[in-house]
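Student: Order-wise, the sequence lines are chains A, B, C and D.
Using the numbering used here, the letters of the first sequence correspond one by one to residues 69 to 323.
Using the numbering used here, the letters of the second sequence correspond one by one to residues 69 to 323.
Using the numbering used here, the letters of the third sequence correspond one by one to residues 69 to 323.
Using the numbering used here, the letters of the fourth sequence correspond one by one to residues 69 to 323.
Honestly, I wouldn't trust all of these hints.
Chain copies aren't distinguished; within one or between two, either way the pair holds.
[What the hints assert, rightly or not] Cross-link-like lysine-lysine pairs, in silico, DSS-like; alpha carbons within 25 Å at most:
(1) K208 - K304
(2) K249 - K208
(3) K186 - K208
(4) K304 - K207
(5) K249 - K207
(6) K256 - K208
(7) K304 - K256
(8) K309 - K186
(9) K249 - K186
(10) K207 - K256
Quick caveat, the hints were computed from the structure, so don't treat them as lab data.
4 protein chains.
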Amino acid sequence: MEPWRTAIVDSRNGEIRFRGYDVTALMSGRSFTDVIFLLHQGRLPSSAERRLLDAILIGVADHGSGAPSCAASRLALSGNRQSLSAAVAAGILAVGDDHGGAGMGCMEMIAAGIDVAKRDGISLEASATRTVQEARARKKRLPGFGHRVHSVDPRSTVLLEMARADHVAGDGVAFVEAMEKAIAREIKPLPMNIDGSLAAILHDMGFAPSFGRLVFIIGRVAGLSAEVSEELTREKAMRIKIPVEYDGEAARRLT
Amino acid sequence: MEPWRTAIVDSRNGEIRFRGYDVTALMSGRSFTDVIFLLHQGRLPSSAERRLLDAILIGVADHGSGAPSCAASRLALSGNRQSLSAAVAAGILAVGDDHGGAGMGCMEMIAAGIDVAKRDGISLEASATRTVQEARARKKRLPGFGHRVHSVDPRSTVLLEMARADHVAGDGVAFVEAMEKAIAREIKPLPMNIDGSLAAILHDMGFAPSFGRLVFIIGRVAGLSAEVSEELTREKAMRIKIPVEYDGEAARRLT
Amino acid sequence: MEPWRTAIVDSRNGEIRFRGYDVTALMSGRSFTDVIFLLHQGRLPSSAERRLLDAILIGVADHGSGAPSCAASRLALSGNRQSLSAAVAAGILAVGDDHGGAGMGCMEMIAAGIDVAKRDGISLEASATRTVQEARARKKRLPGFGHRVHSVDPRSTVLLEMARADHVAGDGVAFVEAMEKAIAREIKPLPMNIDGSLAAILHDMGFAPSFGRLVFIIGRVAGLSAEVSEELTREKAMRIKIPVEYDGEAARRLT
Amino acid sequence: MEPWRTAIVDSRNGEIRFRGYDVTALMSGRSFTDVIFLLHQGRLPSSAERRLLDAILIGVADHGSGAPSCAASRLALSGNRQSLSAAVAAGILAVGDDHGGAGMGCMEMIAAGIDVAKRDGISLEASATRTVQEARARKKRLPGFGHRVHSVDPRSTVLLEMARADHVAGDGVAFVEAMEKAIAREIKPLPMNIDGSLAAILHDMGFAPSFGRLVFIIGRVAGLSAEVSEELTREKAMRIKIPVEYDGEAARRLT
Numbered sequence: 069m070e071p072w073r074t075a076i077v078d079s080r081n082g083e084i085r086f087r088g089y090d091v092t093a094l095m096s097g098r099s100f101t102d103v104i105f106l107l108h109q110g111r112l113p114s115s116a117e118r119r120l121l122d123a124i125l126i127g128v129a130d131h132g133s134g135a136p137s138c139a140a141s142r143l144a145l146s147g148n149r150q151s152l153s154a155a156v157a158a159g160i161l162a163v164g165d166d167h168g169g170a171g172m173g174c175m176e177m178i179a180a181g182i183d184v185a186k187r188d189g190i191s192l193e194a195s196a197t198r199t200v201q202e203a204r205a206r207k208k209r210l211p212g213f214g215h216r217v218h219s220v221d222p223r224s225t226v227l228l229e230m231a232r233a234d235h236v237a238g239d240g241v242a243f244v245e246a247m248e249k250a251i252a253r254e255i256k257p258l259p260m261n262i263d264g265s266l267a268a269i270l271h272d273m274g275f276a277p278s279f280g281r282l283v284f285i286i287g288r289v290a291g292l293s294a295e296v297s298e299e300l301t302r303e304k305a306m307r308i309k310i311p312v313e314y315d316g317e318a319a320r321r322l323t
Numbered sequence: 069m070e071p072w073r074t075a076i077v078d079s080r081n082g083e084i085r086f087r088g089y090d091v092t093a094l095m096s097g098r099s100f101t102d103v104i105f106l107l108h109q110g111r112l113p114s115s116a117e118r119r120l121l122d123a124i125l126i127g128v129a130d131h132g133s134g135a136p137s138c139a140a141s142r143l144a145l146s147g148n149r150q151s152l153s154a155a156v157a158a159g160i161l162a163v164g165d166d167h168g169g170a171g172m173g174c175m176e177m178i179a180a181g182i183d184v185a186k187r188d189g190i191s192l193e194a195s196a197t198r199t200v201q202e203a204r205a206r207k208k209r210l211p212g213f214g215h216r217v218h219s220v221d222p223r224s225t226v227l228l229e230m231a232r233a234d235h236v237a238g239d240g241v242a243f244v245e246a247m248e249k250a251i252a253r254e255i256k257p258l259p260m261n262i263d264g265s266l267a268a269i270l271h272d273m274g275f276a277p278s279f280g281r282l283v284f285i286i287g288r289v290a291g292l293s294a295e296v297s298e299e300l301t302r303e304k305a306m307r308i309k310i311p312v313e314y315d316g317e318a319a320r321r322l323t
Numbered sequence: 069m070e071p072w073r074t075a076i077v078d079s080r081n082g083e084i085r086f087r088g089y090d091v092t093a094l095m096s097g098r099s100f101t102d103v104i105f106l107l108h109q110g111r112l113p114s115s116a117e118r119r120l121l122d123a124i125l126i127g128v129a130d131h132g133s134g135a136p137s138c139a140a141s142r143l144a145l146s147g148n149r150q151s152l153s154a155a156v157a158a159g160i161l162a163v164g165d166d167h168g169g170a171g172m173g174c175m176e177m178i179a180a181g182i183d184v185a186k187r188d189g190i191s192l193e194a195s196a197t198r199t200v201q202e203a204r205a206r207k208k209r210l211p212g213f214g215h216r217v218h219s220v221d222p223r224s225t226v227l228l229e230m231a232r233a234d235h236v237a238g239d240g241v242a243f244v245e246a247m248e249k250a251i252a253r254e255i256k257p258l259p260m261n262i263d264g265s266l267a268a269i270l271h272d273m274g275f276a277p278s279f280g281r282l283v284f285i286i287g288r289v290a291g292l293s294a295e296v297s298e299e300l301t302r303e304k305a306m307r308i309k310i311p312v313e314y315d316g317e318a319a320r321r322l323t
Numbered sequence: 069m070e071p072w073r074t075a076i077v078d079s080r081n082g083e084i085r086f087r088g089y090d091v092t093a094l095m096s097g098r099s100f101t102d103v104i105f106l107l108h109q110g111r112l113p114s115s116a117e118r119r120l121l122d123a124i125l126i127g128v129a130d131h132g133s134g135a136p137s138c139a140a141s142r143l144a145l146s147g148n149r150q151s152l153s154a155a156v157a158a159g160i161l162a163v164g165d166d167h168g169g170a171g172m173g174c175m176e177m178i179a180a181g182i183d184v185a186k187r188d189g190i191s192l193e194a195s196a197t198r199t200v201q202e203a204r205a206r207k208k209r210l211p212g213f214g215h216r217v218h219s220v221d222p223r224s225t226v227l228l229e230m231a232r233a234d235h236v237a238g239d240g241v242a243f244v245e246a247m248e249k250a251i252a253r254e255i256k257p258l259p260m261n262i263d264g265s266l267a268a269i270l271h272d273m274g275f276a277p278s279f280g281r282l283v284f285i286i287g288r289v290a291g292l293s294a295e296v297s298e299e300l301t302r303e304k305a306m307r308i309k310i311p312v313e314y315d316g317e318a319a320r321r322l323t
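Chain A on its own, in the form it takes in the complex (with noise of 0.2 Å):
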């Protein structure tokens, strides 16, 4: 087999390089977030771009423990205590396009409509615009935009102000705010929600879209681990008893 390729960690002769920094030069010096940032771009942070990366991971780390990412690691540790690595992977498994995970397909519209502009010179309004009803017309949801709860959700304010007070808001933000313009004319006032705004602020950072999703999972283990040790703690084994009922096939016989 051949060796695989990497550039993300050199490890040899005991010394270990993220991306050609020594790790305790950075241990010594730099934040969590710092190496976060640079393991997914090859380059530190200004201190704008690390405090908007640390609201967004805070933003993300968890909303309640009856979602379904915390619920599935609690009801993992329920039946298998032993194993607290088995009950954080399953709470991520809970995470995808309906869970935490429409900052992908944000990131992903967000990238296609700003090519658009640039490929066919029109604004980023016209773009937006175009976007919306394309949606519109095939029936699509657009990521990034409503909410169960919220008419706004606060954490999308405040990263889009921390955004334009820090400068580090560029097209995407500008390409969001003109989609919620859009989709208010076009199909009725929805408010950008926090996948949104992260979606746009990760753009302008330079994130892949992958991104989207890797960072609700970063943020989210926080709050998975606080979740099970709390009920690693405070509850015992087998406590949880979800309720069912059955309206299947009636009794009957094997023949």
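Put chains B, C and D on the given structure of chain A with help from the hints.
Tutor: Just chains B, C and D now, with coordinates in the frame of chain A:
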């Protein structure tokens, strides 16, 4: 890297052999349960052994959609409907000592108890009594005995009857039956549950203790896959909302 | 929270019923494969259907310890020997469109192709040709055809022979055979692989497309569990060291 | 079903509070590492505590793409490129006693050793010596000491220097340093590894032993996500072929 060594599957030149047998020959003439037995033991089962392994796999396939394994699968799918693998895996991660895992501990206890009988030249009954007395002294649970719901687990009764009728029952079954009597005498009557009876029978068919856990996983995947399939067909994304009550720190301000 | 509704398992008063049948009755008289069929379809299979499902499950159980699923299980165990559940789950997580997952896509393609034939009143051959031409035009892969290793997959041959001999083959088998001819004519000869033949047969037995992925997971757990068991018995913790070559940024200093 | 109780997150009326603090306030003014600390301990860290937790998370984030956790993530993605959640989860499942998990065992050992010192009115040195002698007598490994590669782990040196400079070092650090001396005297010189030093520092910051495992998972997700991202961008599906050598039963016929 040196190649990994394996005695399970030989896959070369377009041929696949399981433990020496051509996979297409097994497909034409043998059952899936035969192959589970073969992959783990390196030999094909007798008809009686196949019937018993079938009965065990069926007995653990499911026992309610609200059990931690099934519920974790459904929760994972609720947030992440794009990955059936993730949903099934989440359910497996809930399998541990407290849920579906007592078979392994019971098989270790049976093997140890039979070894002690041979080593010290005492009867299986005497060894079973010693095992029970030691567990009582150390306040340890005896895996395979007692049940949250049933006073007698009908699945356990069926397995033991089949094992006796088929002449598969040996020292393992004799030992757990001696244990059941010793427990009633030394502690209080506790019915042998399905983990206890499947552990005894798997021991008598020559399986290693780890198979006591693996057999549960293999059987339960049948149930998990059906639960996942039903959730996908009958229910919508994010339909599961576990009710939560907050009882922590009151609202406070950052300083 | 409202109780979850289910038609799969009824577990009340110490009785467990799968789709209406008492679990102990199934244990006494039916095979594990019968119960897999029952849980998914709500009816027990005919003998021919059982033989075919057995053959499919055996055919996908394993095809080499170095495949992503088996290797992921072994790697997980190498670092985490305390959790057999975690190791089996890690292997399942490697199952997707590219590994063991083409059956689902192929079942969707078969169902769509047969629908088109009915809707437009054309023959299955004509619908198969159209499917192939469209895929060629859009440069899309045709799931179920072509193989990395085999020019003809012997497992596929066996399955189709059994399906014909047992009179289970119907429109699904007819459609994939028409596709194989159309592919040879319109593109180049590509053998139908095991995903293609199992998809056709599962379609003809009445399974939903998602079962094309789930059947691989159910069958593969037999192999994964044996791989995990061998790794635990034969090998030491942390014995696996994948060789890696670093080709990223040269060593640099933090400023 | 009774609602689940939790003291971690309060999510009501569109507001989300972590341990009483509004999530938007945390997003504006605190780091992700602060929030990890907060979620687990119920209080925000001092600057020194934050720096140490940052250093620990960075120190465990990655140490080579060929390690079981990273390699399991890459293998899972190789077969299943559609699910980033599944790939990250597969890597986490490789975390156990032998890979990334010694911190938890070491924290339990530290807590027990300090308890013994208090209970029996002996010095931490005497308690450390007793711990080492008992482990030697029972032939048990001492978690947190010794290393496959390094004679001295530079990450461990940095952590201990920071803990002392920041006045975070307390009984935990004193105990593991006493253990290092006792091991050199009673057995042979074995360097304290990163699991040993992070365990001591986490103990001194007030974390429960389970956090010794969870902190590795939280930090490692940063590395796993980057490995998964690189695999997705740089490599093709199914590119990983682990070489395997069959040494089992010779080819044989079914009878």
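Student: Which hint numbers does the structure go against, in order from smallest to largest?
Tutor: 8
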